[in-house]
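Undergrad: The chain contents come next:
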Amino acid sequence: MDLFNDDVIAAIATGDSAGGIGIVRISGKGAEGIADAVIKTSSGLLVKDFETFTMHYGKCFDYYDHQLIDEVIISVMKGPHSYTAEDVVEINCHGGQVVTRTVLKAVLDAGARLAEPGEFTKRAFLNGRIDLSQAEAVMDVINAKTEKSLAYSMNQLSGGLSDQYQRIDQELVHALTIIDASIDYPEYEIDTLTTKDLLKIIDGLLSNVQSLLSTAQTGKIVRDGIATVILGEPNVGKSSLLNALINSDRALVTDIAGTTRDVVDEYINIDGIPFHIIDTAGIRETQNKIEALGVKKSLSMLDQADLILLVYDVSRGTSQDKALPFDINPDKTVINVYNKYDLAESNIQDEDGIVISTKTHYGLINLKNKMKDEAMHRINKKDNENVLSNLRHIHLLNQVNENLLNVQCGLNQNIPIDLTAIDLKNALDCLREITGRNVGSDIIDSIFAHFCLGK
Amino acid sequence: MKKYSGGSFDTVVIGAGHAGCEAALATARMGKETLLLTINLDSVAMMPCNPAIGGTGKGHLVREIDALGGEMGKNIDATMIQCRMLNTAKGPAVHSLRAQADKKAYQFRMKEVIENQDHLVLKQQEATKLFIEDQKITGVQVVTGAVYQCRSCIICTGTYLKGRVFIGDVQYDSGPNGLFPARYLSDSLKENGIKLQRFKTGTPARVDEKTVDYTKMQIQEGDEEITPFSFETEHLDIDQVPCYLTYTNTETHKIINENLDRSPLVTGDVVGIGPRYCPSIETKVMRFKDKERHQIFMEPEGLYTREVYVQGMSSCLPEEVQINLYRTVAGMENVEFMRTAYAIEYDCIHPTSLKATLESKQIEGLFFAGQINGTSGYEEAGAQGILAGINAGLKLDEKEPVILDRSQAYIGVLVDDIINEDASEPYRMMTSRAEYRLLLRQDNADLRLTPIGHQVGLISEKRYEQFLRKKEKIAEEMERVRRVIVGATDRNNQTLINLGTTPIQSGVSLAQLLKRPQLSYENTAPLDTNRPDYSKHICDEVEIQLKYEGYIKKQNAQVKQFKKMESKRIPENIDYQLIEGLRLEAVEKLSEVRPMSIGQASRISGVSPADITVIHVYLENRKKENANRDAEK
Ligand SMILES: Nc1nc2c(ncn2[C@@H]2O[C@H](COP(=O)(O)OP(=O)(O)OP(=O)(O)O)[C@@H](O)[C@H]2O)c(=O)[nH]1
Ligand SMILES: [Mg+2]
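In order, the protein sequences belong to chains X and E.
Sequential numbering of the first sequence, starting at 1, is according to our numbering.
Sequential numbering of the second sequence, starting at 1, is according to our numbering.
Derived from the structure by calculation, the hints contain no laboratory data.
If you're wondering where the values come from, they're calculated on a predicted model, not measured in any experiment.
Glycine included, C-beta positions come from ideal geometry on N, C-alpha and C.
Wrong hints could be hidden among the right ones.
Claimed, not checked - What follows is a set of in silico ranges between Cβ atoms, one per label pair, in the way DEER data are often shown:
1. A627(E) - L405(X): 46 to 56 Å
2. K560(E) - I21(X): 33 to 43 Å
3. R293(E) - E402(X): 34 to 44 Å
4. H66(X) - E398(E): 52 to 62 Å
What the hints assert, rightly or not - Okay, derived cross-link-like pairs now, BS3-like style, lysine-lysine, Cα gap no bigger than 30 Å in a straight line:
5. K560(E) - K78(X)
6. K48(X) - K568(E)
7. K355(E) - K78(X)
8. K395(E) - K355(E)
9. K104(E) - K216(E)
Pulled out of the complex, with its shape left as it was, chain X reads as follows:
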């Protein structure tokens, strides 16, 4: 339904790019106004006063608390001469994907709606910018790309999460049934809910919804990528591995042990699964204060890691049997990576380990496949914990939460029940948008199923 509103939509336009720049694209009538709500340009010019096809420096702030999010470059393309043929604003962020997401969130808070996959293209088509065959081609690509994540969200809905939604849904319908029955049949003796009863139901619902929202934190695995920490002794080729995985020279590589002092991170996408790759300082006993700090930080990254790539240098002989100078929590997934295979034949006995050379790219595909397998394994394991990861779901569930808070507030202020029912109904509508079912006559059916009413 929402697909055809003439409202303003926004999304991250850079998809699974591995680079540091992320673009938030906003399209629709009023896009500039929304940008103006979160952006201050260096020149002081309003976005809506930009000339079409110009770029400007500025800063992006949180919509609510006005905290600085990132320094950005803003460009404006006015309709009909834009991709969607609507007014389009693009915000270029530099701080990596997490920052780009935060900028997107600010834009959504300011009133834009999260675009559905392919919606920019659909608008371009609907606005006559591209023809159907072009649109279909683009949509195919988009669909293919999202197929996996779609499959994940389906999984999400079929497992424990679906049960959770179901339960919240039932409670909402139950409360609305009783309220509406008492409104439509005021003279009948039916079990009505006192404000206290209702408040209790709302409290329960709120805690359910909020605990679901808190799993959104865990759900960031799928959203923000598998936190993958590259660990190992100095000079084994950790930074080289990061560069090889992202296919660019992001991290500094030298033959000096102890090159990497601080954490370097990047995003990659392996067959639709996002990985957050974190390169760390090589681990060894050191007198150098700065290096020691780096080592400490490397070890602290271990806590956040979903996946650890433990790198060895085969040319030094595998140090496998050597005790590691640190402990790894047994529930972390570890992949042993044997690097510099080009330098030395190795006779490694480790069947699960992966032999590579970052120099010749030997074995990189094997490593990626292994990483993907482990990630899948991990996602499936997390599924049982009702992980909420879909950004759209989070957005809608936040609205459910907000509406329920309104209900609570209304009840506490003794607002008439038929008015608080408006917020309650909105909450149900938002929830149903996640599960994709229409409310239709559900409430009325439920009234007659539960109460004996009528002349």
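On the provided structure of chain X, position chain E with the ligands as indicated by the hints.
TA: Here is chain E with the ligands on its own, set in the frame of chain X:
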């Protein structure tokens, strides 16, 4: 029987029940020569079921009929014997008026209004046959052979079509209340391709008040101050008659359970589908086994009769069982029946075959209103009647039709619901059906609809002038209340504390203060020393609009979204079979309903959001192709 010409009319209305009366009055008042046919002249505006008008949702409908220039509100104002505003403890959106009527007085007054109406002829005749040429209505034949030529026809046959009554195993063809059924018109409809279905409804017994002991029941009085239904009725002061409340008990339920096998509902003799909200007492007992008692309301049928309507006890068990079970109820131990409870089954159409104007999609000039459309209730019937009448009149003048949408009126909700979903039971109005119910209040029905009533010619200039003045005053007073600043004086704060709310630190606008639950327009008078003297209507309106401003804004935002989808029109000649990617079920449903807009399409059961996407893409593509073709030319 020999046919002969009975003359020529602009509109023939078949049936003079609540739908037919409103329809005929509307066309006649729009200056169209109108013939109103009824099987029995003594059954004009008859109430074959409960002696009441209004109630939740239904009261809203009556107000809307009145705002459009209909008669139902005035008629009940003139003939009510008790009145109550329901739900006053709840918010303004769901306040609902209900009045007990003197049934005969109600009928006689309506008949008199109809008889005195210019351009309107009332006849006792059974319509038997429709004449249709080139898919257009041209005339109506009656049982005596007369043929009335017409350019439009509104069918309002209620429960008369092939009516069949059930009282246990006693079953016979009959209209409601012992009147003749309409025997022939069904066949004529079918011959012209209009599909029919069987619906069922029922009514309880009427008992002799002399044999009822009210001392064993709870008395239920009317409101001290009566709010009239009609916006034109200034003031109502009548001696009110009470109703009484009593209950069924385990003994009642036992008798029902022992005799269930004698109910035609159970034996399967009744094939028609009955409404869930009008269950017979046996249905209630069967479905809600744990409930120890059910409420029974005793409603007098009028001032000059001893007949009492026993609400809650409709039944189609055999008469002998009925009497026994009624006699188990406190206060009815010695009750005598005057009319036996019965179920009635009748033909109605599939309302999905109608446009939102209530005109048939297949046959031009043929309109349907009331129970024939699968609805129940006098108010639902009246609401459709006036809409069908207005649109028949407009069509004769080749003017744009009046279509009410879900954000404008309960009537809009009703019509939209019935034309989009083929209901499996009679349709009853409920406030729960209106998603924008805070905007569709009974108090603002005139603000919503009087301009439309005026535009089509059903609202007099005088009333319209008054209406405009009222609207102006409301706006002025709202503006003033927003501007009035209540100072943080000791006196004002003492008033606030006395009213149970917190004092203020600095000056606050009165409009802001009104949002506090403890405060009302009325009780803030001491804080507002220069308040002008306005009527209650105006004060109420100002209070509601300011007090609930936040919620009203929310609903307005929802309406905006809704309107966007409604404004995306689907061309009438669209062929859904040609649209690639539509699911088969959707093609069927869409071809049947033929929605006017994407918004309407999305409300049709069996049409998924994906189907809507497909239609939308198809339409845009088509638009572009057409544009290209035009450009080439
Ligand atoms: N021949 C060969 N050399 C490699 C390979 N991978 C890394 N090197 C070299 O090994 C040296 C160290 O590489 P880095 O990637 O900086 O190692 P590091 O583990 O990040 O080192 P620190 O940050 O100091 O802990 C560099 O000179 C690389 O060129 C490989 O597969 N084959
Ligand atoms: Mg390094």
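Undergrad: For each hint, tell me whether it holds in the structure or not.
TA: Okay, the hints, checked on the actual structure:
1. Our hint of 46 to 56 Å for A627(E) and L405(X) holds, since their Cβ atoms are close to 48 Å apart.
2. For K560(E) and I21(X), the hinted distance range of 33 to 43 Å is satisfied, since their beta carbons lie about 36 Å from each other.
3. The hinted window of 34 to 44 Å between R293(E) and E402(X) holds, with their beta carbons roughly 42 Å apart.
4. At roughly 60 Å, the beta-carbon separation of H66(X) and E398(E) lies within the given 52 to 62 Å, and the hint holds.
5. Note on K560(E) and K78(X): the hinted pairing holds, with a Cα-Cα distance of about 25 Å set against a maximum of 30 Å.
6. Taking the CA atoms of K48(X) and K568(E), the gap is near 28 Å; set against the 30 Å cutoff, the hint holds.
7. Taken as a hint, the K355(E) and K78(X) pair is broken in the structure, with Cα atoms around 41 Å apart against an allowance of 30 Å.
8. The hinted pair formed by K395(E) and K355(E) meets the criterion: a straight-line CA distance of about 13 Å does not exceed 30 Å.
9. A distance of roughly 28 Å separates the Cα atoms of K104(E) and K216(E); the hinted pair therefore holds under the 30 Å criterion.
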